[in-house]
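Here the protein sequences line up with chains A and B, keeping their order.
Counting from 15, one number per residue, gives the positions in the first sequence under our numbering.
Counting from 101, one number per residue, gives the positions in the second sequence under our numbering.
Honestly, the hints are just simulated from the structure, not real lab data.
Small disclaimer: the values here were computed from a predicted structure and weren't measured.
Note that the Cβ used here is the ideal one computed from N, Cα and C, for glycine as well.
Warning: the hint list may mix true and false statements.
[Stated by the list, open to error] On the chain B side, residues computed to face chain A include the following (Cβ under 8 Å): (1) Gln200; (2) Tyr201; (3) Glu203; (4) Pro206; (5) Gln209; (6) His213; (7) His242.
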Amino acid sequence: MDSIFGVTYNGGVIIAADQTNARSILIYQNNLDKISELSSHSMMGCAGPNADFVNFTQYIQKSLQLYEFSNDGLKLSTKAQANFCRGELAKALRKGPYQVNVLLGGYDAKKDGEVGDGSLYLMDYLGSMQKVNFGVQGYASNFCLSIFDREWKEGLNEAQALEIVDHCIGELAKRFLIAQPNFLIKVVDKDGVRVHKFGSDPEDN
Amino acid sequence: MARRYDSSTTTFSPEGRLHQVEYAIEAINNAGTCVGILAKDGIVLASERQLTSGLLAPAKTSEKTYKLSQHSTCCVAGLTADANILIDQARLRAGRYEYQYQEPIPMEQLVEHVCNYKQAYTQYGGLRPFGVSFLFAGYDQHYGFQLYQTDPSGNYSGWKATVIGSNNQAGKSLLKTEYDPESTGELPSVEVALRLAVKVLNKTMDGTAASSEKMELFVMSREDTEEKLCVHRILTNDEAQKVIDEVEAEGAGAGDS
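Excised from the complex, chain B in its bound form:
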C-alpha cells in the first residue's frame, strides 16, 4: 500500500512516485473547467464559473482569470487561495524583468519561473504542493501568441488547445476532433476559437444549461496601432450570450442533418 509514503511530499514511494503531488493534481479535477485555445490573431481562455451559493455577493473581480502583465494573463483551476500566491509571484517576476530589461518578459520564462516556484514545494521544506493548475496566455516578440499549461508538480508544456479542471479528458477529446489547424493550414480566428471553447465547456459542464453567468470568456489580442499593445478582454454577459446562442444554433442545425 502506498500509505506510508503518502504524507510527506519530499519522500518517494517504493514505486518511485510522489503521492502528495499526484493527490494535488487530483484535487484540481474537482475544480471549475478552463479551456485555452490558440487562435491566429489571439488566444481564448474560457472558464466555468462555479457558483457555490445564491447568497454570494456578485463578484467584482474574476476568480478564474487574472492579468499578469501588459502582455500576459492566466486562468486558474484549483485552490484559489493557493493560486493567489502564485499569481503574485508571476506578477512580481514579470514586473522585475521589465524593470531590468525595459522589455516584456518572454512567456516561457514567466511560466518557467512560476513552475520552478511550484517545484520547490515538491522537494523542500516539508510543505504541501500548490493545488493549482494554470493556463498561461501571452504574447512575446520571439514566438508570438503562446498558450502554456502548468500543474502542481511544476511541469509545464506549450499547447495549441487544452483543457484543465473537471472533465478535462472529455474536453480534450472534443478538441482533438474539432481543433484541426493542419487541415486548414492555419490557426482558427478568435471568433471560431470562442465558439469552440463554448462547445467544449458545454461538454465538460454537461447537464448544466449553458448561460453567460456560468461561463467566463476571455480574449487576448493585439491592437492594430503602432504600439501594438495587448488587449485583454472578458466578454460582457451580452457578448458571451451571443456566442453561446451561436453555438446552440450550430448544434441544432447539425442535429437536423
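Next comes chain A alone, as it looks inside the complex:
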C-alpha cells in the first residue's frame, strides 16, 4: 500500500513517500521514514513489507559505507550504486527474495564546477531496473504517472518539480481509496540529501 514517487529536475532529484506503516486493518505508525539515505548524495525509497525494507535498505547502506571506508573515501556514482542495488535484488531472487520495490535517486557532481546531474532509477523486487526521469511505486502509479507524463519536462527547477510532487499528493488524497495523510519529501542536490517536508516527524517517538 506504499506510495513512493520520484522526479528528477535540473541539478537534483526529489523522492516522496507516504509515512503510513500498516498491516491488514491496523495502522502501526504514521511517521515512518521510507526513504533511506545511502550516501552523502543518494537516497532510496522502498515500497514493501517493513521487514524486507529495513533489512534490504540497511544492507545496501552499510555495504556502500564499507566501500567508502575501504577505498579512502572514494564515492560510487549513483549509477554504480543503483547497479549494485539491482544486483543484490537479482542475487537474492532465486534464494530468498527481498520483496521491495525501489526508487533510488542521487546527485553526481561534474568535475568543472558545472551543475551536476540528478538521476533516478526505478527497480522492482525481481531486479529489473530502468533509469527514469520520474517514477512511481505502488498503487500510486495508477494515479500519478499520468500527472508526471503531462507535467514533467526537461530542465525543470526544484520549485517546479516540487509543485508536480504536490499535484501527485493532492491527487492521491482525492482519489486513492487508502487514506495517506502524511507524506515525507526528500531532496538531493549538490548540497546532499535533505528533508524538504514531512507530514509527521519521523523522529517523534
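Dock chain B against the given chain A, drawing on the hints supplied.
Chain B only, in chain A's frame:
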C-alpha cells in the same frame, strides 16, 4: 646465518625479515626490464624482450604486456608462469567489479586486490611467493592516468616513472635526472615519454644494440570521441624503430656538443 629461517615463507628470521620474500624480489632482478612513465595524455610501458633462442617460434602474443580490462594494462617482470595466475586474478576482479557496478574498477582497487592475493602467499599455506613484479597502467575517472608498481611481498606504490627488472637501479637513476615534470610544470607528452623510455632501456640493456625486436613499446591513451574509451597500443616494429632512431639521433647530437 639466516639459513634456518630461509625455507619457510611464513617464518620471520631473528632480524625480523622474511627471507623467501626477499629472495623472490631478487629473482626479478634477473628478468627483462620494464619501464613505466606517466605522460600527460597517457602512459608508456616499455619492456625488454629477452629472446632466449633463435629456434623459438615467433611470438603471437606478448610475454611482457597484458591487457586486463578496457581501461587497464600491466607489464610483467619475473616468472611468466607465476604472472599468468595473477593476471587471471586481475582480469577476474576487474570483470566482476564492472559486472557489479557497471563501471570500470578504480585502478588502485585493482592493484590492491592483486597485491592482497600476493601477500597471502607470504603469510599462509607454506607456499612460495609469486616471483613477479608488475607495472600496472590504467585510467579511472577519479584520478586519471595512474602507474603502479607491485612486488612479491604484496606491496604497491604509485609512480610517475619507474623501472623494474634487471638493472632497474641504473634505469631509475637515469629517470631521476631526465624525468622532471616540476621544471616544465606539467607531465611530458606521450611522444617525449616514449623517447625517454627507450633511452632508459638503452641504459639497462647496455651492451646490446637497441632494435625494435628487443624492445616492446606500449602506449595507453584515451580516444577523443564522446565515449572516451582507452586505447591500448603496442607499437609496430616500424613505429618502434622510428622512436629508437630518434633517440639515437638525439644522443649523437648531444655527444657532439
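Each hint, compared with the structure:
no. : hint   : result
1   : Gln200 : holds (5 Å)
2   : Tyr201 : holds (4 Å)
3   : Glu203 : holds (5 Å)
4   : Pro206 : holds (6 Å)
5   : Gln209 : holds (6 Å)
6   : His213 : violated (11 Å)
7   : His242 : holds (6 Å)
Of the numbered hints stated above, the single one contradicted by the structure is hint 6.
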